[in-house]
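Participant: Chains as they are written, first to last, in the working numbering: chain A, 199 to 659; chain B, 199 to 659.
Treat the hints as calculated values from the structure; they're not laboratory data. Each residue gets a CB set at the ideal place from its N, CA and C atoms; glycine is no exception. A hint or two may mislead.
[Claimed, not checked] One side of the interface only, derived from the structure: several residues of chain A facing chain B at Cβ under 7 angstroms:
{"#": "1", "residue": "Ile-205"}
{"#": "2", "residue": "Lys-207"}
{"#": "3", "residue": "Pro-214"}
{"#": "4", "residue": "Leu-237"}
{"#": "5", "residue": "Val-265"}
{"#": "6", "residue": "Ser-297"}
{"#": "7", "residue": "Gly-345"}
{"#": "8", "residue": "Glu-349"}
{"#": "9", "residue": "Tyr-351"}
{"#": "10", "residue": "Gln-352"}
{"#": "11", "residue": "Ser-378"}
Number of protein chains: 2
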Amino acid sequence: MAQKPSIPKGTRDFSPVEMAGRNYIFDTVKSVFKKYGFLPLETPSMENLSTLLGKYGEEGDKLLFKVLNSGDAFSGVDYDGYKVGEENGKRFYNSNALSLKVCEKGLRYDLTVPFARYVVQHQNELTFPFKRYQLQPVWRADRPQKGRYREFYQCDVDVIGSRSLLNELELVQIVDEVFSMFDIRVCVKINNRKILSGLAEISGHPDKLIDITVAIDKIDKIGLDAVKDELRERGLDDAAISVIEPVLTLSGTSAQKISTMRGILAASEVGLKGVDELEELFGLIETSGVRQEVEIDLSLARGLNYYTGAIFEVKAKDFAIGSICGGGRYDDLTGIFGLPNMSGVGISFGADRIYDVLLGLDKFPKEAVSGTRVLFTNMGAAELRYLIPIAKELRLAGLPVEIYPDNVKLKKQFDYADKKGIKYLAIVGENEVNKGVVTLKDLTTGEQVEVTPAEIAEKIK
Amino acid sequence: MAQKPSIPKGTRDFSPVEMAGRNYIFDTVKSVFKKYGFLPLETPSMENLSTLLGKYGEEGDKLLFKVLNSGDAFSGVDYDGYKVGEENGKRFYNSNALSLKVCEKGLRYDLTVPFARYVVQHQNELTFPFKRYQLQPVWRADRPQKGRYREFYQCDVDVIGSRSLLNELELVQIVDEVFSMFDIRVCVKINNRKILSGLAEISGHPDKLIDITVAIDKIDKIGLDAVKDELRERGLDDAAISVIEPVLTLSGTSAQKISTMRGILAASEVGLKGVDELEELFGLIETSGVRQEVEIDLSLARGLNYYTGAIFEVKAKDFAIGSICGGGRYDDLTGIFGLPNMSGVGISFGADRIYDVLLGLDKFPKEAVSGTRVLFTNMGAAELRYLIPIAKELRLAGLPVEIYPDNVKLKKQFDYADKKGIKYLAIVGENEVNKGVVTLKDLTTGEQVEVTPAEIAEKIK
Numbered sequence: 199m200a201q202k203p204s205i206p207k208g209t210r211d212f213s214p215v216e217m218a219g220r221n222y223i224f225d226t227v228k229s230v231f232k233k234y235g236f237l238p239l240e241t242p243s244m245e246n247l248s249t250l251l252g253k254y255g256e257e258g259d260k261l262l263f264k265v266l267n268s269g270d271a272f273s274g275v276d277y278d279g280y281k282v283g284e285e286n287g288k289r290f291y292n293s294n295a296l297s298l299k300v301c302e303k304g305l306r307y308d309l310t311v312p313f314a315r316y317v318v319q320h321q322n323e324l325t326f327p328f329k330r331y332q333l334q335p336v337w338r339a340d341r342p343q344k345g346r347y348r349e350f351y352q353c354d355v356d357v358i359g360s361r362s363l364l365n366e367l368e369l370v371q372i373v374d375e376v377f378s379m380f381d382i383r384v385c386v387k388i389n390n391r392k393i394l395s396g397l398a399e400i401s402g403h404p405d406k407l408i409d410i411t412v413a414i415d416k417i418d419k420i421g422l423d424a425v426k427d428e429l430r431e432r433g434l435d436d437a438a439i440s441v442i443e444p445v446l447t448l449s450g451t452s453a454q455k456i457s458t459m460r461g462i463l464a465a466s467e468v469g470l471k472g473v474d475e476l477e478e479l480f481g482l483i484e485t486s487g488v489r490q491e492v493e494i495d496l497s498l499a500r501g502l503n504y505y506t507g508a509i510f511e512v513k514a515k516d517f518a519i520g521s522i523c524g525g526g527r528y529d530d531l532t533g534i535f536g537l538p539n540m541s542g543v544g545i546s547f548g549a550d551r552i553y554d555v556l557l558g559l560d561k562f563p564k565e566a567v568s569g570t571r572v573l574f575t576n577m578g579a580a581e582l583r584y585l586i587p588i589a590k591e592l593r594l595a596g597l598p599v600e601i602y603p604d605n606v607k608l609k610k611q612f613d614y615a616d617k618k619g620i621k622y623l624a625i626v627g628e629n630e631v632n633k634g635v636v637t638l639k640d641l642t643t644g645e646q647v648e649v650t651p652a653e654i655a656e657k658i659k
Numbered sequence: 199m200a201q202k203p204s205i206p207k208g209t210r211d212f213s214p215v216e217m218a219g220r221n222y223i224f225d226t227v228k229s230v231f232k233k234y235g236f237l238p239l240e241t242p243s244m245e246n247l248s249t250l251l252g253k254y255g256e257e258g259d260k261l262l263f264k265v266l267n268s269g270d271a272f273s274g275v276d277y278d279g280y281k282v283g284e285e286n287g288k289r290f291y292n293s294n295a296l297s298l299k300v301c302e303k304g305l306r307y308d309l310t311v312p313f314a315r316y317v318v319q320h321q322n323e324l325t326f327p328f329k330r331y332q333l334q335p336v337w338r339a340d341r342p343q344k345g346r347y348r349e350f351y352q353c354d355v356d357v358i359g360s361r362s363l364l365n366e367l368e369l370v371q372i373v374d375e376v377f378s379m380f381d382i383r384v385c386v387k388i389n390n391r392k393i394l395s396g397l398a399e400i401s402g403h404p405d406k407l408i409d410i411t412v413a414i415d416k417i418d419k420i421g422l423d424a425v426k427d428e429l430r431e432r433g434l435d436d437a438a439i440s441v442i443e444p445v446l447t448l449s450g451t452s453a454q455k456i457s458t459m460r461g462i463l464a465a466s467e468v469g470l471k472g473v474d475e476l477e478e479l480f481g482l483i484e485t486s487g488v489r490q491e492v493e494i495d496l497s498l499a500r501g502l503n504y505y506t507g508a509i510f511e512v513k514a515k516d517f518a519i520g521s522i523c524g525g526g527r528y529d530d531l532t533g534i535f536g537l538p539n540m541s542g543v544g545i546s547f548g549a550d551r552i553y554d555v556l557l558g559l560d561k562f563p564k565e566a567v568s569g570t571r572v573l574f575t576n577m578g579a580a581e582l583r584y585l586i587p588i589a590k591e592l593r594l595a596g597l598p599v600e601i602y603p604d605n606v607k608l609k610k611q612f613d614y615a616d617k618k619g620i621k622y623l624a625i626v627g628e629n630e631v632n633k634g635v636v637t638l639k640d641l642t643t644g645e646q647v648e649v650t651p652a653e654i655a656e657k658i659k
């Protein structure tokens, strides 16, 4: 009996047309990463749960996909050890503990923790600073909704083992070059976590850095007033909020913002360090001739707690969508795996959103998403013997060529070319074989010419 | 407290050096697939277990990695419904049924079943014949051992919706072109399942096709005598074995083998059909000018039961390893999902084994696995301001360039270039900045020259 086929919710098939667009994105970012000396790395889809648990907060732990131990996972489980109650003869067990007993592995939740695990595990084989990029899927058991999937690709680029701000500059240059290649206008927003630490300090709540970060991270979505409400809920008094508020709405040039912040944070050592770093980075950016817009956004916070220095976010200027790229500097990502004092910085490109922007702005280059260039018709065995060597030569010249596999009505073969968007049809019947030619039809213009086999490549290029 | 990091057994990290080799393989096969009109497809890593179960035999079902339902998988499980026994107050449950209750999804076991599922699910959107390639990892809970992993990539190329033997020819041409690009000499072995059916028929055991297939599939590993023993164990009498044996050891040219088989199988309609198909395919192969060795191997069986026509296997001639590529024609792969009569044919490239062959024969092209071309030294802020625009120009010209991020001792910067195999060092100190030049050192020869920024690209290309 036939099953009606489907796929798990939150997952996707990518058709050839979608894949062409996605590969254009992946190939472009990879080509830029390589020009800056970043090399590819891949880690396993499954990591030990002990590697993943506790790294993404309590909420993140719940969103991990756990993989059942292979073999007979439940045999030998001492259920009585997991019993938490009994009612009317029915027993209840501790689900969470039971799931950890039968699952030792989980699917990768992001590329950052596996990267940190890799660096620590292979520290003696690596040359530092270690620069890697990684393009692989990650899995999250989030509730699926528009634009949020349970399996999606991340494109991460990181350098670890160097504190130099030149690394931050190169990430900005990479963003600049990638989006210029995509012909997408973006704004790169930059802030520094040390400035936020300084703000927490001078507001009199040095212990509230995470609360402040979480609250102001939402400013784009909920607005200034709601952020102030949340700060209040999180225990900041009006005096503290009045220190933070003007910073969030600061305007002017980068130089002006830096100068203002230097005044506001005069009493905070860490805050001034953040201002220094921002100033040095913007100096480097000026030297480098970055073409896209780069601005200081002091309301930029980024949710992740491991950031300790520069933080980045990239927005498309001509298309309404969340940030399409983000990252920052972390000083102790590898500490949890036993390797302290390894500062690194990285950014992640959001392939799904970039895809939507390219599609929405009609910026996918036609040649990047086109497949077969010419389809040879199939009119029988004699014609095939004649055209197989011709098709072979065209392929050797690098052209994507198809021969319609079956000897069916020409109408059907035309339809195939039409549906697949193949521009040229090479018609080969008895007449063409006898004359030693091919009839080449341009399906977009309808123009039809007789050419020798040697002339085809030139004609269709 | 620090954890000692590790990865699940049977899985692998791929370092930048390994990735370079793997990407060379993937990029090469993709470039050839495209020239024959095959387009990329990707399916989700997780499929519904109902899609996967029962498709790979009983043994395969056991090797599926199951993914625990998200949320609280065990809450609401009526354990009493799974109880199979009780002893001294300890209860025992049906492990297998329990695992299906708490797991609805499994990791992809191969690319063929997801492809069949995709074709059926999207049949109304596809243009047939549908040609796709797919390069993605698959997961199997096999016992890990040398050369056998729990996560590995498959590279499949299939065309579905056409019975023409031109499709078989194109797969042979693809194999020919791929391995010629790799500079690996191979032998393409071809047989036809209909010939094996015919043999089963004339041996008087038409019901024993699968037993015969399974037994003779092992001939390379266990030899002729052991195969005969196994055929006997599987219920074939000596008369039947004496019909099959000479076929397995048949020698001579393809034409001679075809002629002999036509005699042996004269009484079997399906057997003769198989011989006709082989003959037609070899006629097409001759027309096409395939350069690699192609031979009929009547002992070739291939284990998978869904094959119904041509079957292929590719072996490296100069390196001892199992088959590095294999596939065949299937007439009803989509039937189980409700779409009968969809004949297709495909092959799969074994990336791990091809990697071992390329490495073993030292055939990885140097340029395919090299990264950064030139490293700029870092001697301070003034030098950086001078060299950042120079590095930028080189990158715009497509050259992979690094700037050492930290202003540390030159020795350390030299070591970095040396360890990463970077050929050129661009030394920029105060002297170079004042003269408007760069000192370019070839680290392989030790040669050192002063050049203008504009001359660097030419010099290091």
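Participant: Take the shortest C-beta to C-beta distance between Gly-345/A and chain B; is it under 7 angstroms?
Facilitator: violated, 17 angstroms
Participant: How about Lys-207/A: closest beta carbon in chain B under 7 angstroms, or not?
Facilitator: Where the cut-off is 7 angstroms and the nearest Cβ of chain B is about 10 angstroms from Lys-207/A, the hint is violated.
Participant: Does the closest beta carbon of chain B sit nearer than 7 angstroms to the beta carbon of Glu-349/A?
Facilitator: Where the cut-off is 7 angstroms and the nearest Cβ of chain B is about 6 angstroms from Glu-349/A, the hint holds.
Participant: Against chain B, with CB atoms and a cut of 7 angstroms, does the hint on Ile-205/A hold up?
Facilitator: holds, 5 angstroms
Participant: With a cut-off of 7 angstroms on the beta carbons, see whether Ser-378/A makes it to chain B.
Facilitator: violated, 10 angstroms
Participant: With a cut-off of 7 angstroms on the beta carbons, see whether Leu-237/A makes it to chain B.
Facilitator: holds, 3 angstroms
Participant: Is the interface hint satisfied for Ser-297/A? The criterion is a beta-carbon contact with chain B at less than 7 angstroms.
Facilitator: holds, 6 angstroms
Participant: Regarding the hint that Pro-214/A lies at the interface with chain B, is the smallest CB-CB distance below 7 angstroms?
Facilitator: Hint holds; Pro-214/A Cβ to chain B Cβ min 3 angstroms, cut 7 angstroms.
Participant: Hint validation: Tyr-351/A versus chain B, beta carbon distance must be below 7 angstroms. Holds or violated?
Facilitator: Tyr-351/A check fails; min Cβ-Cβ to chain B is 10 angstroms, beyond 7 angstroms.
Participant: Does the nearest C-beta of chain B fall within a distance shorter than 7 angstroms of the C-beta of Gln-352/A?
Facilitator: violated, 14 angstroms
Participant: Would the hint on Val-265/A be counted as holding, given a Cβ-Cβ threshold of 7 angstroms to chain B?
Facilitator: holds, 5 angstroms
Of the numbered hints listed earlier, those contradicted by the structure are 2, 7, 9, 10 and 11.
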